[in-house]
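Q: Residue numbers (our numbering), protein chains in the order written: chain A, 1 to 235; chain B, 236 to 434.
Read the hints as simulated data drawn from the structure, not as lab findings. Small disclaimer: the values here were computed from a predicted structure and weren't measured. Heads up, a few of these hints could be off.
Some, not all, of what chain A presents toward chain B, calculated at C-beta under 7 Å [stated by the list, open to error]:
| # | residue |
| --- | --- |
| 1 | GLY79 |
| 2 | LEU123 |
| 3 | ILE184 |
| 4 | TYR188 |
Virtual Cβ for every residue (Gly too), placed ideally from N, Cα, C.
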Amino acid sequence: MYNRMCKKGKYKSTDKMSDLICDNYNLLQVLSRFELPLGFGDQTVKEVCDTCQVDCTTFLAVINFVSEENNRMVDNLEGISVRSLMNYLKQAHHYFLEFQLPEIRMKLAQAIDYKNKNEVSYLIMKFFDAYVEEVKKHMDYENKHVFKYVEKLIEGHKDENFHITRYARHHDQIELKIKELKNIIIKYYPANVSNNLLNAVLFDIFSCEEDLVAHCEIEDYLFVPAVRRLEKEVQ
Amino acid sequence: MKRLETISIAVAETSVIVRNGLISVLRKLPELNIEPLEITSLEGLNDCMQGHVPDILIINPLFGGFFNVEQFRETYPKEEIKIISLLCSVTDSNLLKGFDDCIELYNSADEIEKKISNLLRLNKDNSEQEALTQREKEVICCIVKGMTNKEMADHFFLSIHTIITHRRNISRKLQIHSAAGLTIYAIVNKLVDISEVKI
C-alpha cells in the first residue's frame, strides 16, 4: 500500500476504487460525472462499474487520461463506448453550468462586496456573467449539435452535413477569458485588509479553469478520435 | 513575433523513454511555455492534424516505418506547421530532406530551446514587463468609452494601423485582451471615471 500513495499511471479494472481516489482526488469529479456514488467499500473498479451499469473500459480510459501527466492523442480506442463517453461529457456540462459556475459567482459576489454596489465590483460581476454566457454558448452548441449528431451516428445514421472534424477544428478554448478575470483580480484589484474570501474564490477559479481545460482535452483527444472511428464504421 | 503565448508541440515517437524524456525537457525550457502532446501512432497523428494543428511537430523520421515529410505537407497544404526531425540514431541524410530542423539525442536544452525559438521567430529581448506609455493610457480611455479604431484614429490624428499597434501593445503589456477587462483595469487604476464608461 505505502508505495502506491503517489502512483501515477495506468489504472486497471482490478484496482480498488478507493485507492484510485486516494491517489488523486481530482478523480472524484470523474466519478460523479459517471454517476458513480461513494461508499463502495473494498470493491474493485470493475465491480463498482458493473453495479452501477457504467462501461468500465470507458471509465478507465477517462481516469487514465486525466491522471496522465502529459496529454496524449488516444489511439487505443478499443472497447470504448462513445455513448458512455458522451454521457460523461453531458454530465460535465451540467456540472459546470448548474453547479460550479453559479457557486463561484456566489462566492465572488460575496468576496468583492457586490451588494454595496461599488462600481468595480459591478464591472467584475458583469465580466464574470459574460464569461459564463460564453461557456454556456459553447456547451449548448455541443449539446445541441455535436451530441445530437453523435447520437444518430450511434444508431447508424450519418448526417452528411456534419463531420466531427469540423467540430474538432473550431473547438475553441473557453478558459482564456477566465484567465483574464483571474489576472485582473490578482494584479489590479485593490487590496483589502483581509483577503480570505477573495483568496478562496481565486482557488475555486483556478481549479475550475484547470477542470475546464481537462474537459476540453478529453473532448479533443479522446472523444473526437472515438467519434471519428465511429464515422468510419458507419460509412 | 509571438511572446509568452503557449506553444503547442506534438511529439511523435514510439519509444516511451525518448518521447517522455524529450517532453520533460520541453516542459522545463525556461524561456518558452510549451504545451506538449504525445503521439504514438500514425492514426493519432492524423487525429491530431484534423483537430487543433500544433505549432510544431517533432517526429522520428522512422515513425510509422518511414515518415514522408513531403507527402505529409501535401496532405495538409494549408497548415503552417513546422516539422522537426528527432534523431536517435545515425540516419541517412536523404531521409532528412524537407524537415525544418532536427533535434538530436545529445542536444542540450539550450540548443533545443534555440532551435524552437528560431523556428517560430520568437524575440525574447523585450520580455520584461514594460509600463504603459501616456499614449497607450489615452487609447485605453477611448476603448473603454466605446470608441472604434476609426474614431480613435481621427481623434489622435493617427492611422488606424498605429491604433491597432497600440492596442496590441496594451494587450501584451497588461495581459488583458477584452474591452470589458480593460474597463475594469481603467477604473481600478483611475484612468477614467465610471460615469464616462460605456456599459
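Q: Look at each hint and say if it fits the structure.
A: Hints and how they fare:
With a cut of 7 Å, the hint placing GLY79 of chain A at the interface with chain B is violated, because the nearest CB-to-CB distance is about 16 Å. Given hint, LEU123 of chain A at the interface with chain B, holds; its Cβ is 5 Å from that chain's nearest Cβ, closer than 7 Å. The beta carbon of ILE184 of chain A comes within 5 Å of a beta carbon in chain B, closer than 7 Å, and the hint placing it at the interface holds. For TYR188 of chain A, the interface hint holds, the least distance from its beta-carbon to any beta-carbon of chain B being 5 Å, beneath 7 Å.
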